Amino acid sequence: MWRVTLKGLLAHKLRLTLTALAIVLGVTFISGTFVLTDTLHNTFSNLIGNIYAKVDLQVRGVAQFSHTSVGQTATRNPIPESLISTVEAVPGVKSAEGGLTGYAQFVSPEGKAISGTSGSIGLSYDPDPDLSSLHLVAGSAPTGPNDVVMDAGTAKKYHFSVGQQVKVLLAGPTQTFTVVGIVKFGTADNIAGASIAAFALHTAQQVLDEPGHLDDINILTTPGSDVTTVQNAVQAAMPAGVQVVTGKTVANEQTDSVDQALGIFNTALLVFAFISLFVGAFTIFNTFSIIVGQRTRELALLRIVGASRRQVFRSVLAEAALVGLVASIIGLGAGIGAAVGLEGLLRVFGITFPSASLVFRPRTAVIGLLVGVGVTVIAAISPARRAVRISPIEAISLHQADAEISGRRRLTIGGFLGLAGIVLLAIGLAASKLPLVGIGAAAIFLAAAMLAPVFARPVSSVIGRPLARWFGTPGQLGRENSMRSPKRTAQTASALMIGLALVSAITVFGASLSKSATSSVDQAISADLIITNSSQSQPGISNSIAALVAKVPGVTVTDTAYDGQVQVGDSLEDLTAVGTSTLAQTIILRMQSGSAASLDSGDLLVDATTASSKHLHVGDALAVKYAKTGTIEMRIGGVFATNALLGSYVVSNDFFLSHFDQTLPIAVLARTTGPSVEPAVTTALAAFPNAQIQSKAEFEKSQKQQVDKLLGLVYALLALAVIIALIGIINTLMLSVFERTREVGLLRAVGMTRRQIRSMVRVESVILALFGALIGIVIGTGLGVALVSSLHSKGISETSVPIPELIGFLVLAALLGLFAATFPARRAARLDVLAAIATD
Amino acid sequence: MTIDNPAQSPAAHAVDLHKTYGSGVAAVHALAGINVTFDRGQFTAVMGPSGSGKSTLMHCMAGLDRATSGQTYVGEHEIGGLDDTGLTQLRRDRVGFVFQSFNLVPMLTAEENITLPANLAGKQVDREWLGYLVDQLGIKDRLTHRPSELSGGQQQRVACARALLGRPDLIFADEPTGNLDSNASAEVLGFMQQSVREFGQSVVMVTHDPHGASYADRVVFLADGQIVGELAKPTPDKVLAKMRTLGS
Numbered sequence: 002m003w004r005v006t007l008k009g010l011l012a013h014k015l016r017l018t019l020t021a022l023a024i025v026l027g028v029t030f031i032s033g034t035f036v037l038t039d040t041l042h043n044t045f046s047n048l049i050g051n052i053y054a055k056v057d058l059q060v061r062g063v064a065q066f067s068h069t070s071v072g073q074t075a076t077r078n079p080i081p082e083s084l085i086s087t088v089e090a091v092p093g094v095k096s097a098e099g100g101l102t103g104y105a106q107f108v109s110p111e112g113k114a115i116s117g118t119s120g121s122i123g124l125s126y127d128p129d130p131d132l133s134s135l136h137l138v139a140g141s142a143p144t145g146p147n148d149v150v151m152d153a154g155t156a157k158k159y160h161f162s163v164g165q166q167v168k169v170l171l172a173g174p175t176q177t178f179t180v181v182g183i184v185k186f187g188t189a190d191n192i193a194g195a196s197i198a199a200f201a202l203h204t205a206q207q208v209l210d211e212p213g214h215l216d217d218i219n220i221l222t223t224p225g226s227d228v229t230t231v232q233n234a235v236q237a238a239m240p241a242g243v244q245v246v247t248g249k250t251v252a253n254e255q256t257d258s259v260d261q262a263l264g265i266f267n268t269a270l271l272v273f274a275f276i277s278l279f280v281g282a283f284t285i286f287n288t289f290s291i292i293v294g295q296r297t298r299e300l301a302l303l304r305i306v307g308a309s310r311r312q313v314f315r316s317v318l319a320e321a322a323l324v325g326l327v328a329s330i331i332g333l334g335a336g337i338g339a340a341v342g343l344e345g346l347l348r349v350f351g352i353t354f355p356s357a358s359l360v361f362r363p364r365t366a367v368i369g370l371l372v373g374v375g376v377t378v379i380a381a382i383s384p385a386r387r388a389v390r391i392s393p394i395e396a397i398s399l400h401q402a403d404a405e406i407s408g409r410r411r412l413t414i415g416g417f418l419g420l421a422g423i424v425l426l427a428i429g430l431a432a433s434k435l436p437l438v439g440i441g442a443a444a445i446f447l448a449a450a451m452l453a454p455v456f457a458r459p460v461s462s463v464i465g466r467p468l469a470r471w472f473g474t475p476g477q478l479g480r481e482n483s484m485r486s487p488k489r490t491a492q493t494a495s496a497l498m499i500g501l502a503l504v505s506a507i508t509v510f511g512a513s514l515s516k517s518a519t520s521s522v523d524q525a526i527s528a529d530l531i532i533t534n535s536s537q538s539q540p541g542i543s544n545s546i547a548a549l550v551a552k553v554p555g556v557t558v559t560d561t562a563y564d565g566q567v568q569v570g571d572s573l574e575d576l577t578a579v580g581t582s583t584l585a586q587t588i589i590l591r592m593q594s595g596s597a598a599s600l601d602s603g604d605l606l607v608d609a610t611t612a613s614s615k616h617l618h619v620g621d622a623l624a625v626k627y628a629k630t631g632t633i634e635m636r637i638g639g640v641f642a643t644n645a646l647l648g649s650y651v652v653s654n655d656f657f658l659s660h661f662d663q664t665l666p667i668a669v670l671a672r673t674t675g676p677s678v679e680p681a682v683t684t685a686l687a688a689f690p691n692a693q694i695q696s697k698a699e700f701e702k703s704q705k706q707q708v709d710k711l712l713g714l715v716y717a718l719l720a721l722a723v724i725i726a727l728i729g730i731i732n733t734l735m736l737s738v739f740e741r742t743r744e745v746g747l748l749r750a751v752g753m754t755r756r757q758i759r760s761m762v763r764v765e766s767v768i769l770a771l772f773g774a775l776i777g778i779v780i781g782t783g784l785g786v787a788l789v790s791s792l793h794s795k796g797i798s799e800t801s802v803p804i805p806e807l808i809g810f811l812v813l814a815a816l817l818g819l820f821a822a823t824f825p826a827r828r829a830a831r832l833d834v835l836a837a838i839a840t841d
Numbered sequence: 391m392t393i394d395n396p397a398q399s400p401a402a403h404a405v406d407l408h409k410t411y412g413s414g415v416a417a418v419h420a421l422a423g424i425n426v427t428f429d430r431g432q433f434t435a436v437m438g439p440s441g442s443g444k445s446t447l448m449h450c451m452a453g454l455d456r457a458t459s460g461q462t463y464v465g466e467h468e469i470g471g472l473d474d475t476g477l478t479q480l481r482r483d484r485v486g487f488v489f490q491s492f493n494l495v496p497m498l499t500a501e502e503n504i505t506l507p508a509n510l511a512g513k514q515v516d517r518e519w520l521g522y523l524v525d526q527l528g529i530k531d532r533l534t535h536r537p538s539e540l541s542g543g544q545q546q547r548v549a550c551a552r553a554l555l556g557r558p559d560l561i562f563a564d565e566p567t568g569n570l571d572s573n574a575s576a577e578v579l580g581f582m583q584q585s586v587r588e589f590g591q592s593v594v595m596v597t598h599d600p601h602g603a604s605y606a607d608r609v610v611f612l613a614d615g616q617i618v619g620e621l622a623k624p625t626p627d628k629v630l631a632k633m634r635t636l637g638s
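Taken in sequence, the protein lines are chains C and F. For my numbering, add 1 to where a residue sits in the first sequence, where the first one is 1. For my numbering, add 390 to where a residue sits in the second sequence, where the first one is 1.
Just so you know, these hints were derived from the structure itself, not from any lab. Keep in mind that a hint or two might mislead.
Claimed, not checked - Some chain F residues judged to face chain C by a derived CB distance under 10 Å, without partners named:
#1 V405
#2 G460
#3 Y463
#4 L472
#5 T475
#6 G512
#7 R552
#8 G556
#9 I617
#10 L630
Said to hold, decoys possible - Take a look, some chain F residues computed to stay more than 12 Å from chain C by CB distance:
#11 S413
#12 T478
#13 N503
#14 A508
#15 E577
Every value quoted in this text rests on a predicted model; they were computed, and no experiment measured them. We put the CB at the ideal spot given by N, CA and C, even for glycine.
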């Protein structure tokens, strides 16, 4: 039996190659994701490990919040600089160096703000080479108040050299420094894409706006002393709120936070990989169904000569497993290439990683193989069971019709599955449980695939009518072909259905998000100009900007906004601060109860969504924990209609500034006498190239662009699923052409030209694609609307179904169908007429 | 009653036709220099044992296959020089086919099958002629049926109607009754004979059935790729006798 399986495989090389391609692509995606994230994990843990390898102990503020945001380190208060001498006095401490991190952004020689892909970091330069994470590759360490060292990445890209002057944007006024040295971060040119400006400690305290303070003190112990003893001794000398931990602890914490961020990245990519494989499973199922159908006689003959049902079943499954195995192995290899490619792509975007060899863990291979082989085998189970039901007599009976089995059962199961999927989806959306949403959506797709054969005939007939008219007889034949096996048409179209359903759902979501964002800008802001940082990764702007803007003639009102994190109950929340005196003219705050004026007395405003979910009312007291000042019982002074640009909680600027160390505004809002004022504002802010001055319309547009950017990324990731669906269409057409060899021969004999044969196959393909796209778009629009309505309370208040885009997808699907037909059509046209009509 | 009109070219003829498969020692000569003429308005049967080359001859003369050397004419057209499109159009416009089995496109109705070549050519269908044909063939009430709903004899009659609709120079029938019982065979053969007598249609039929061959005006015998005999106004007995002499 094993030999029969192998021979069967070899006999169907071509169709199995196409099937395998679907698995190869999916497994490539999975293994590429794992290789990349494993490599990044290794790189970062090595890097962090190296940095803290020599640091024995670190003194720092205690973590202020019980939770941390994913991928971030804990919020800590700065410690007084005076602690350095206290630490140095402890026996066993060999040296102690203070460190500080903050915002410092270089300005290019052309006057543009240089934005690193993941921020612009300013820090203090640790003169002790044993303790410093930076090492000089040129020049010397910064010592004077005008010295700065620059990361090699920025220096290379903007051709800075030692001795050159450079402007640096800071929390306060912009200053000019001399580049005295070029540094690398470990072996990398920058910190994962963030630029580095390092200053002498006292300069850093000035420019990073923390005079007299430090973030931490790194300690080297004297050789031979017991680190734990020293740790305890230092801890004893420290005031409350300051802790002493080992370098290893710090390294582990940082590695953990990197791993959390990588974990999210990993999961996001894997979700798309599994979507691709899910679509691939349909392709496999379809291929095996057709192959079993075509081999009915052969399988029946095997039964006649004595193969048991079990042997036939195993033979089909073994074939699937073998295809899955080979495809998965190829996919694993290709995944390494994909990881290299992805890393290269990140480098193009300026995110460089410390050089490290690719990490291929056994886990990657195990998961890749399990998933690849598993999906293939599971998809082949149903066709294998059909093969088992073939009775030996079918080998000698002439007609070889598609056995239409258990149509009613399929409908029942499909209907049930569909309902279950909708219920799961609804629960998942209501409770924000993403896995439930995923399972619900998958169930709906499966149900749609099971129910689709019912619609396949009528829908294909309708779609095909104009095509039949357009292409004449070949068009009519193509239409008939698409209608003759509704099950096959439905199965083939199902793969594309899923791809397009997801694309449509995302499109509806994105359009609604865009619309909500822009309409909320209208309903959130009444200011004419909005000034923010031009770099997304660096939200703050200099605190001297507001004053400069206010002085420009024609600017009538300015307001400054800040944001920060606080802990309310167990969760971290965003807090927004606004200037109260000018609030009415710059921000639209629709109060539902209480008043905005209560901000002046230090009250807290809460948005309507949060108020209703937490049952908060005006006059209630709420415990809010601030990193700097601890827990404060705040009175709720008012509830406002949810505003997309404000956080859930709002306080006044005065209150904010006295409870936060960080004082960089996120935005400055200005009212002007007219559009002509904007150039004057631009001129006034010439010293701040990081300030982006936007009118309300421009601000709206940039909000929309952010959404579009995200959508673009998601589309790109979904493209693979659509490609796999196309492979499925190609595969089915190839199999159909093969199956209809005699028919094609007859058509050729009675006068069908090659061109007409090609048209016939193309029309069938376009109908298949349109059918899949149509169901997909309908389901996807439903999913998208459901998703959006579940997010109404989260600020996506508008539902938008972009009809032109959806029609565009339909057209695109038709074009893809046309493309998919290329090879099968050529093959059909090339069929040897004689071989086709030769009688047995 | 042969209608030999010297003003017209024959329906089809072949000159020194060779068809060789393989080369050198392994070469198989399916056709080894055949000269044959099929006259207009005549019903010719081609007979011969298996492997005699009768099907190959038909395929080459109908533009389904290419000869290795020699010339083939349908009407006055030399078909050796035609490309695939040319051959396709020739088959569509000037030749009709009736095969042994799988004659009809399964998803088209009987009528659609009959008009298929005309539709492919984008030509107007002669409705009157079509009506007459289906009437004569007794398939008028089966026109909206699909092939799977027709009996074998009905299917072959639909194929005959398709072949006749375009009034081709020549109809090639390849064992048209091979899968039919004797009643259905007689109907199909009788109709072919009728089409020759009444409409002046030219028909060439490949067969191995002496009784079937007796419907023809003339029988051409093939063996080993060559024409080895001929018989005019055949009867089953004469055909059998002739075949026996060839076999010995």
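Tell me the numbers of any earlier hints that the structure contravenes, in ascending order. 1, 2, 3, 4, 9, 10, 12, 13 and 14
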